[in-house]
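Put the complex together from the two separate chains, hints included.
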Amino acid sequence: MDEPTIEEWMDRHHVEIVRTHATTLEGAAVGKYLNRPKFLKSLPDGHNIADLALAMDITGSPHMSFWHDFRHGQFGDILMRPDIDSIVSDGTDPDLGHCLCDFTDVHGNDISICPRTLLKKIAGEIDELGYHVKAAFELEFFIFRNTFDQARRRQYKNLDPVTASTSNNIYLLRNAHKAKPFMDEVVKRLNWQRVSWESWSDEGGVGQVELSFSPTDPVKAADTIVRAKQLIYEVAVDLGMSVTFMASIGPGYGNGLHVHHSLQKKDGTSAFRENEEKTPLLKSWIAGITSTMAGATSLLCPTFNAYRRLTEFTSPPVTATWGEESKTAGLRVITRTDDLARIEHRLPSGDANPYLVLAAILGGGLAGARKNLTPPEESQFVGWGLPDDVPRLPNSIMGAAEALAEDTLLGETLGQDVIDYWINTRKLEWLSFHSECSDIEAKTSTQWEYNRYFELL
Amino acid sequence: MGTQKKIYFDREASPLARVFCNTLRLANQKPAGQAIIEDLVTCFSLKSSKGPQAITIDINSDSVRLSDGVSPQSSIVIEMDFDNPDARPKIGGAWKHPVLTYKIGQLLSVPLPNWADSAKRFWAATSHLPNMPTELVVTCTDERRSLSFGDGSSSFEILSTTNHLETLLIGQSLLVVEAMQGNVRIKGTLEHLTGISHAGQKLMLGELDG
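These protein sequence lines are chains A and B, in that order. The numbering used here applies: residue 1 is where the first sequence begins, and numbers increase by one. The numbering used here applies: residue 458 is where the second sequence begins, and numbers increase by one.
With the rest of the complex left out, here is chain B (with noise of 0.2 angstroms):
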């Protein structure tokens, strides 16, 4: 494989092209993914089909550029409902690009990594940000294993099942949105719970290489 294409947002792109931009980085972590993005030269959009939000998302030879609206270039629009992921989509233009559908397909459903992998990845780049503890364990409640990162001085535990520690430390959701909503148990400060949230904030809207 060659260089990684550079995946980047506008500088005053919307929150929801800094989240795609985030899922695309973290898909081109993956081999499967980054090979995808490498084959494709493309420019297609994202449109919410309950409210009026709209990425687009343009892949030339070397980098990814997300962008809001529905540009006209694009070959592909995508309707989808942006809080249900599981929800079908409606594709237009799919009849025109079966193959590039497929492989955009393929592209936005690269499997998330493990929540082990994830959580390593989440300390490497968050536990220097202010307001971080200086341990951070994540306990995983249906394997019945913990992993620590860090030293003991100041603990911030974090636990949840395999689903929720997956989004969770990819930067798909929030430590105290998932600890409100009773998704997540925590165990540690105030100040340690708004400092790994803030880290999770700038993982989703792609301001951490994460």
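In isolation and in its complexed conformation, chain A is listed as follows (with noise of 0.2 angstroms):
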């Protein structure tokens, strides 16, 4: 779309305020509402934002003990660049229009560790290989029938779920029923949204719900996700009602973000699987994420509360492994109709930030077909209660920053300057929980886990 056609589109859909998204590197919303000539008087470049939008943590403390070149020697400012062909009218609001944006340096250049413009890159990259990605997610949130000011005075706890059943109960239409009039309203504004969803149902945790997305590009897909999870919230302040995607709100299911991604080539067919074969290029797919999974694991699961959902015998994978159609191992590889032939990478917890979960699963991919790489043999074992001396995944926020640091494909890959930056980040926030938590001894998520991610990511 270019800027008289976004004039034309705005005076169609009467839109007169555009509100601007993009999100921290932890995943948190970030943007600003703007009338619409000062929206149409910053296109191209975009609007001013101050730089550390992109240089803070969950709580909103500046980035200080570690630097990109990105940021200003005396603090100062960069821009939110539009993606004017995200934008879309609100819905409800009939003035409101979104607007996806990517940060950039004051002078239009792109900055390396803006979630959305690395997603960018590597989707790029991979399509210069003569590939199409496809991917679509599978959202986990919890819903309660407390408010947020309710849910905040109680400390987040002994909240009442929107779901019928106090057991692990999953599918359970009883327990859809409940939360029927909830989803309701994130389905319509979704659908107003124009973000294509296939699917919603109950889910293990009590008041749990999963909402499944369509398959498309990978930026569009990852941008459905940011869309989706600021809507529901809305959903949620506007009905009275609170959700969380934290990874591990208690013991038993927390919330994953799964991702399921396939490669086209140029004409529409698959390149996972030919003549009832998986292909060269899948093998080499799979090796490369398996072998950087480790490292990955840190942008999977960012937060100091996404490990304690990685427990064995309650949905994540713990091996850098892979099986077709195993929901245990690592990766499920499922390739038994062409159409069909696709990775499922079950890691991702809740509270990830989308664009990094797509960079880092498809850069290691492309890392893999780039060397050539050959696949571990595939797991023919349950993936949960193996031996000890079967390696696991990091089961540590610092065990995995550790591995990611070790992680020479994801750092040629993504980029070096966005590793050491992310590895920085998620060092500060194991110091601020080991600085800040009164109960670092804890088996179950503590109140500082609480009051840092209930709301925020």
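Just to be clear, a hint being listed does not mean it is correct.
Said to hold, decoys possible - Straight-line Cα separation of at most 30 angstroms, BS3-like style, residue types lysine-lysine; simulated pairs:
(1) A:Lys443 - B:Lys507
(2) A:Lys443 - B:Lys659
(3) A:Lys157 - B:Lys507
Since the hints were made in silico from the structure, they are not lab data.
Pasting the structure below:
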């Protein structure tokens, strides 16, 4: 869409205010509400925002013990550059439109650690190899009957789940019916905002729902999650309820952000399956993702809380393995037909930044393809309860950060500056936990984690 | 004196274990501290009087290992307020091991190096790190004396009193925190402030030989 067309589009949709929207590294939604003249005047470069927007932790504290070259020596501005093809009308508010953005420096140059820009770079490199990626996320979250204010007053504990059953049932229609008024509002707004969803259902946790989205190109797939998380939060606020995407709210099931992806050739046929066989590309793609899975864990499970979800026999994988149709291996590979041929990655947690999740996974696959890596043998075993000498994925925020620091493949593919900055943010998160949390030996989510993650990610 | 014992922490050790690792490495740089570490073969624990934080320091004949928690092997458990090192600690097991208790007390209270020596060591250990200035000027305001290191193409100055400089330059506090609290004054860019703070954090967490 070019600039005259955007004016026509705004006329046609009566949009007088545009909310710009991007994510911090950790995935928190940031942006501004701009009136129509200001928004149009800012095109194509976008509007100013403090460089802090991309250099702060989840509590808003600036990153003061590490550096990236996009930052200013005395604090300064960067730009939020609208992707005007992403503009949609709100649907609920008749004057409002939403537009997703990339961060750039004040001269319009890309910033390598902008999560959306990073994913665009990786998708572009795969495109240059002659393949097109399709990706689709499954978003899990808990819904409560309490408002966010009430939840805060109860310190996010003993909340009233929206569903009927207090056991870990899954797909129960009675549970789903209890959640339906909330989800009706969610899907209505998703439809208004042209967010293509496929299904939703009751999930394993008490009060938990899973919402699945349609396959699309990787940046749009991640945009969908960024939009959907904000929209679901707004529905909760508007209906006097609350939701959380926190990875673990207590013992039992946590929130995942499973992601499926496939590769097509330029003619639209599957690049993963040919003549009823896995293609060499799929094998090297699997090899790349499995060999970088330990390092990628830091980006896929970013918070201190995310590692509480990684317990055996509760859904997430704990080994860097793969298996056909296996939901316990690191990668679930599905190749029963050409049309369905894809990989499901079940490690990402609900609190992860979807741009970074896809960048890390596709970056691993891309590295495998470029180096023609050989995958490990297909796992024939249940991926949980394995003997102690079977290597596990990192099970702590610092263990994962150290694995990422040692991962040269991801460093080459995503950019060492990106990796170094990210690792510093994880170390800061770890230091914050140890210096601010009064219950560091807790085996389940602490008050520090609820306060930090429940509402913001 | 023989070869210095290697002082290290477990791979996923908490920040507290790493901070004490830095403290012991500093003590090991002083003849008095090195003599105690060389002489001791023991296992003892430090436990917070305010929370669950605890570490174990296991000193054997050739190394010193710091790990989290209170080990059942510990001869002595010292309960202390980590936020207030001047508060009197409670020592469990002291009556059984009075000499050991005395030596551990000495080990944990080896005097800090003076600010000028610390500044030299800080620069030597950190000047190669990213986002450091090419010149560091350290000014001790109560002594009215400045030392500068490196060349002047991008300079950063730290000004403070002897006490604050001593703790800052050995990695027992962070520049950005001290500056925000008004204990230290600075002249330089944000990039160098973050770079020096990052370097201090690395020292604090035992990731550099300072």
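Structure-based check of each hint:
Between lysine 443 (chain A) and lysine 507 (chain B) the CA atoms are separated by roughly 19 angstroms; this keeps the pair inside 30 angstroms, and the hint holds. Between lysine 443 (chain A) and lysine 659 (chain B) the alpha-carbon distance is near 28 angstroms, which keeps this suggested pair within the 30 angstroms criterion. For the given pair, lysine 157 (chain A) sits about 24 angstroms from lysine 507 (chain B) by alpha-carbon distance, which is consistent with the 30 angstroms threshold.
Checked against the numbered hints given earlier, this structure breaks none of them.
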